[in-house]
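> Top to bottom, those sequences are chains F and W. So for the first sequence, the numbering used here puts the first residue at 367; every next one is plus one. So for the second sequence, the numbering used here puts the first residue at 22; every next one is plus one.
Each hint should be verified, as a subset may be incorrect.
Derived DSS-like pairs: lysine-lysine, alpha-carbon spacing no greater than 30 Å straight-line [what the hints assert, rightly or not]: (1) W:276 to F:559; (2) F:487 to W:326; (3) W:109 to W:326; (4) W:63 to F:534; (5) F:490 to W:177; (6) F:534 to W:177; (7) F:559 to W:264; (8) F:423 to W:63.
With beta-carbon atoms standing in for the labels, derived distance ranges [said to hold, decoys possible]: (9) F:556 to W:63: 15 to 21 Å; (10) F:548 to W:287: 30 to 36 Å; (11) W:269 to F:461: 24 to 30 Å; (12) W:315 to F:548: 49 to 55 Å; (13) W:203 to F:511: 38 to 44 Å.
Derived contacts from chain W toward chain F, CB cut-off under 8 Å, selection only [said to hold, decoys possible]: (14) 37; (15) 65; (16) 67; (17) 98; (18) 101; (19) 113; (20) 172; (21) 446; (22) 447.
Hints listed in this document are in silico derivations from the structure and should not be mistaken for laboratory results. Every residue gets a Cβ at the ideal spot worked out from N, C-alpha and C, and that includes glycine.
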Amino acid sequence: MALEQIHQIKGRAVYLPGDDVDTDRITPARYLKAITFDELSDALFRDERYTPDGLEKPHPLNDPRFKEATIMLVGDNFGCGSSREHSPQAVLRSGFRAIIGQGYAVIFFGNSTNISLVCLKASKSDLETLAVAVRTSPALELEIDLDTLTVCYGGSSLKVEIPSSAQKSLTSGHWDPIAGLLEAGDLLEAMDKKSARAG
Amino acid sequence: MWESHAVRVLESGQTQLFIDVHLVHEVTSPQAFGMLRDLGLKVRFPDRTFATVDHIVPTHSLLEPFEDPQAAAMIAALRNNVLEHGIKMFDLDSGQQGIVHVVGPEEGITQPGMTIACGDSHTATHGAFGAIAFGIGTTQVRDALATQTLALSKLKVRRINVNGSLQPGVYAKDVILHIIRTLGVGGGTGYAYEYGGSVFDGFTMEERMTVCNMSIEGGARCGYVNPDQTTFDFIEGRPYAPKGLEWEAAITRWKNTASDADAVYDDVVNIDGSSIQPTVTWGINPGQGIGIGENIPALADVSDKEHGTWLEALEYMKFEAGTRLEGTPINVAFLGSCTNGRTSDFRKVAQYLKGHRVNPNVRAIAVPGSQMVAEECEREGIAQTLRDAGFEWRAAGCSMCLAMNPDRLEGDEICASSSNRNFKGRQGSSTGRTLLMSPLMVAAAAVMGKVVDAREVFGVGELALA
Ligand code: SF4
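For reference, chain F alone in the conformation it holds in the complex (with noise of 0.2 Å):
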């Protein structure tokens, strides 16, 4: 099963402004309610989207300027809280394929690039720079090359970070851990014999 090898990504970007996001408001409870992750595209920001009532509040995701926004840019500790992978997924199946914030919970961060959902990392000064260019001109094309680790826009660019474990997972297609996993065979049979169980 080969996967996408992630070079680059190109496309436009939506702010959303904050830092500590948890899950919860990524990810309401409530939808977390089913054995499928098919219908969480639903569920993204839900509480900040709309009104218990179902009517749409201001917020960058219901602005129509951005809609077609593919990259996702935020503040620091995004994704804080608890592991429920909902909310990468329902941020990945929500056409977004990557984010640019200052930092990432670190569960939310594994969870993210396990399922190919870039997450990049920023100084405060760029990413704010970077969200006036946005807000500006809603249809800036932006262009990610994770090899080189910079973001060219609008004749500027700036750079961003990735751990190299993570770095190397998603340009060489290994971001998807099972096939590595799978691959110690007989070692694993080793260590179960070996470690302490429970009974």
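Knowing the structure of chain F, use the given hints to seat chain W with the ligand on it.
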């Protein structure tokens, strides 16, 4: 401990880590079993996985079929999956069902030196036993089922010493809320938190679990406390604990897993235990806490970095900067969750609640963390004391901690809660407001109908002296 569980180094540079025990529940596992099926894989070592149901279980009536068809479908899916793969499940009729982080330790499944994973961020709880325990996403649940391993990057370790002793009426919950407030909700990113110092040496296992549980709220993926005699005494005799000769061997092994006194850490933080006050959150993340005697931060109290979240929190909570939180009326009191839903939590509350009544304006519910906790509380008369005081005593589950069952806030109700998250909408209403605090502070708030200092309501210091 990391090295002894490393199977090999993966191409990405991550470690393939063997997982001794994998815990699953109904919410994050069905998709993983589905992926397994799609790949044509089996559960590799089924006797290393244990299942229970907790998040969606209604706690007012366990009569099946449940009123909520989605809840019924999720439980049915888990039952089918464990049956198909030969996994042990603590189901509703077992007498052992409960919140996964309460069940693991009370069954003796959680042991020192183990690597433990579960598709739930509060898996950090199990680190209280000197285990490496972390929360994982659903894709990783699949990995653990299929290979009993995970691809992981090594974490840095921050040692947090809480020295001296706590004042009467200050509990483990206050310690962790204080730590998160001090180090920030993102402060632990990239770290495991190892807790120590005289306060932890003196803590019971339940208290250590309360602290480790909320490590994730400080951004740390794992919490950890070195195993000691307190740990061994807790485990001894539990259903899945080693027995007989194996027990002796286990103790020797466990003693060797403890980190040395001269261990080198990536960071060390020292906190004076006597400076910690009963702590209550006023905002929308667990780091936005204050001592009960303090005011909600004013503009001058917040750094540039915190400014945005501070504003957002004030607006959402409808509180005013620089004012007292003490005296704020509450609508709901919730005792329970994997942070504070153990027998010792209810025992402490019952001890002080005797002779008091819940304020008529407050809906008060107490939800035991497991069926074993429920049974113990009935046997000791704790449940009856809580009922007499006006608490609804429920069946075991997560309940109003995240409101995936019928227990939830309405509109912008304020809830004094012994749980671990005060995120926007966490307790089931998109405008609901959560104030995190210790179980005793929840009980005091329930009695007075407002946020109060439990030490004053219950005369805590005096009782300790008597
Ligand atoms: S009690 Fe709350 S935090 Fe704990 S496992 Fe259940 S939902 Fe999660």
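> Could you run down the list of hints and mark each one as holding or not?
Right, here's what the structure says about each hint:
1. W:276 to F:559: holds (21 Å)
2. F:487 to W:326: holds (17 Å)
3. W:109 to W:326: violated (47 Å)
4. W:63 to F:534: holds (28 Å)
5. F:490 to W:177: holds (24 Å)
6. F:534 to W:177: Holds - the C-alpha atoms of residue 177 of chain W and residue 534 of chain F are around 21 Å apart, at most 30 Å.
7. F:559 to W:264: holds (19 Å)
8. F:423 to W:63: violated (45 Å)
9. F:556 to W:63: 15 to 21 Å: holds (19 Å)
10. F:548 to W:287: 30 to 36 Å: holds (32 Å)
11. W:269 to F:461: 24 to 30 Å: violated (59 Å)
12. W:315 to F:548: 49 to 55 Å: This hint holds: roughly 54 Å between Cβ atoms.
13. W:203 to F:511: 38 to 44 Å: holds (39 Å)
14. 37: holds (6 Å)
15. 65: holds (6 Å)
16. 67: Because about 11 Å separates residue 67 of chain W from the closest Cβ in chain F, which is outside the 8 Å limit, the hint is violated.
17. 98: holds (5 Å)
18. 101: Since the shortest Cβ distance to chain F is 10 Å, the answer is violated.
19. 113: Interface hint status for residue 113 of chain W: violated (17 Å vs cutoff 8 Å).
20. 172: The hint holds - residue 172 of chain W has a Cβ within 8 Å of chain F, the shortest such distance being about 4 Å.
21. 446: Where the cut-off is 8 Å and the nearest Cβ of chain F is about 5 Å from residue 446 of chain W, the hint holds.
22. 447: holds (5 Å)
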